[in-house]
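Chains as they are written, first to last, in numbering that gives the first Met the number 0: chain B, 0 to 138; chain W, 0 to 138.
No lab work stands behind these hints, which were simulated from the structure alone.
A hint or two may mislead.
To give a feel for the contact side, a few chain W residues facing chain B, derived at Cβ under 7 angstroms [stated by the list, open to error]: (1) T69; (2) A107; (3) E109; (4) Y124; (5) I127.
Pairs of lysine to any residue, SDA-like flavour, derived with a Cα cap of 25 angstroms [what the hints assert, rightly or not]: (6) B:K103 x W:V117; (7) W:K104 x B:K49; (8) B:K129 x W:G102; (9) W:K57 x B:G93; (10) B:K104 x W:E106; (11) B:K49 x B:A19; (12) W:K91 x W:M38; (13) W:K73 x B:T29.
Since the structure is predicted, the reported quantities are computational estimates derived from the model, not experimental observations.
Glycine residues also receive a C-beta, built at the ideal position from the N, C-alpha and C atoms.
There are 2 protein chains.
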Amino acid sequence: MNAYERLTEYGIKPSVQRMAIMEYLMTHFTHPTADEVYMALCDTIPTLSKTTVYNTLKLFVDQQAALMLTIDEKNVHFDGDTSLHSHFLCRKCGRVHDLPYSGKKREARELMIEGHAVEEIHHYYKGICKECSEAENEN
Amino acid sequence: MNAYERLTEYGIKPSVQRMAIMEYLMTHFTHPTADEVYMALCDTIPTLSKTTVYNTLKLFVDQQAALMLTIDEKNVHFDGDTSLHSHFLCRKCGRVHDLPYSGKKREARELMIEGHAVEEIHHYYKGICKECSEAENEN
DNA sequence: ATTAAAATTGTAATCATTACAAACTTGAAG
DNA sequence: CTTCAAGTTTGTAATGATTACAATTTTAAT
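Please build the complete structure, drawing on both the sequences and the hints.
Quick look at the structure:
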């Protein structure tokens, strides 16, 4: 599936900017911030505005074509993979890694928890990632 | 346990400001923002500075005497209850509710997940809370 | 009392995000 | 083709939470 199909599938009218941003999300699994998306695309689309990046990412999230991660208190991160999975934030390198969802499968299907209507599940883990731990042990 | 004991237990030297802020966290289960803590205390401690509230809450979190919740992209919230539990953010009223931790108990004790050293677990749920759903159904 | 370290304060800066209005595109209708 | 309105993009300016920093105050030991 390409970016064009992905957008139309989620009811988003495609445009050059929207396709470029969706394309970026679909090919990079780095959970970028809005600024990182902007920086990556502003060379190929010189007229791109940061406002457009913010607006577009917000649109994707509203249409559920992307996830907004609040794992990091400094910046919001975005994820083009909307399947149920968890995230790990490394305190050292700041990267966000994917983890399999380890909650009870039943819970993920539940619409209600303790009387509250659940629409989104976010499982975040923080610590030192594998790569940073290994780099440290090398001395 | 009072605020004084709680602070010393976590290796934090008590002061009027620190005790007031810890006392507030220990008696309010609203997961306040730094600003809410400041607003609640600035009447009784008229000289209180917002910087002190930010510094003190950060100190509590560093000493693991409080949790920093990044469930809301607008504001960081704080929680004086450091036991393992989950949180629910209501999209309507904006309140953060406590939920029991529903992950596998085994996982909570694991230090490693997929090679990453886990130091913090945050399980966040978002949707419409019980109170807001009921209020809506009354018409 | 003295004094150095620690804590608090107020102001100013930072910086991610949003508001807003102008400019541009698009696509349908004539 | 034009025209026009709706939707999209853009740049600039504002917002608002958080932090930096330097000055002041407090603490606790000598």
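Here is how each hint holds up against the structure:
Because the smallest distance between the Cβ of W:T69 and any Cβ of chain B comes to about 5 angstroms, under 7 angstroms, the interface hint for this residue holds. Violation of the interface hint for W:A107 is found here, the shortest Cβ-Cβ separation to chain B being roughly 10 angstroms, above the 7 angstroms cut-off. Among the interface hints, the one on W:E109 is violated; its C-beta lies about 10 angstroms from the nearest C-beta in chain B, farther than the 7 angstroms criterion. Checking W:Y124 against chain B: minimum C-beta separation of about 5 angstroms stays under 7 angstroms; hint holds.
With a least beta-carbon distance of about 5 angstroms to chain B, the hint placing W:I127 at the interface is held under the 7 angstroms criterion. Distance hint between B:K103 and W:V117 is fulfilled; the C-alpha atoms sit about 19 angstroms from each other, no more than 25 angstroms. Between W:K104 and B:K49 the CA atoms are separated by roughly 43 angstroms; this puts the pair beyond 25 angstroms, and the hint is violated. Straight-line distance between C-alpha atoms of B:K129 and W:G102 comes to about 22 angstroms, which keeps the hinted pair within the 25 angstroms bound.
For the proposed pair W:K57 and B:G93, the alpha carbon gap of about 19 angstroms is at most 25 angstroms, so the pair holds. Restraint check for B:K104 and W:E106: the C-alpha separation of about 15 angstroms stays at or below 25 angstroms, so the hint holds. The hinted pair formed by B:K49 and B:A19 meets the criterion: a straight-line CA distance of about 13 angstroms does not exceed 25 angstroms. A C-alpha spacing of about 22 angstroms is found between W:K91 and W:M38, which places the hinted pair at or below 25 angstroms, so the restraint holds.
Note on W:K73 and B:T29: the hinted pairing holds, with a Cα-Cα distance of about 22 angstroms set against a maximum of 25 angstroms.
Consistency note: the structure conflicts with the earlier hints numbered 2, 3 and 7.
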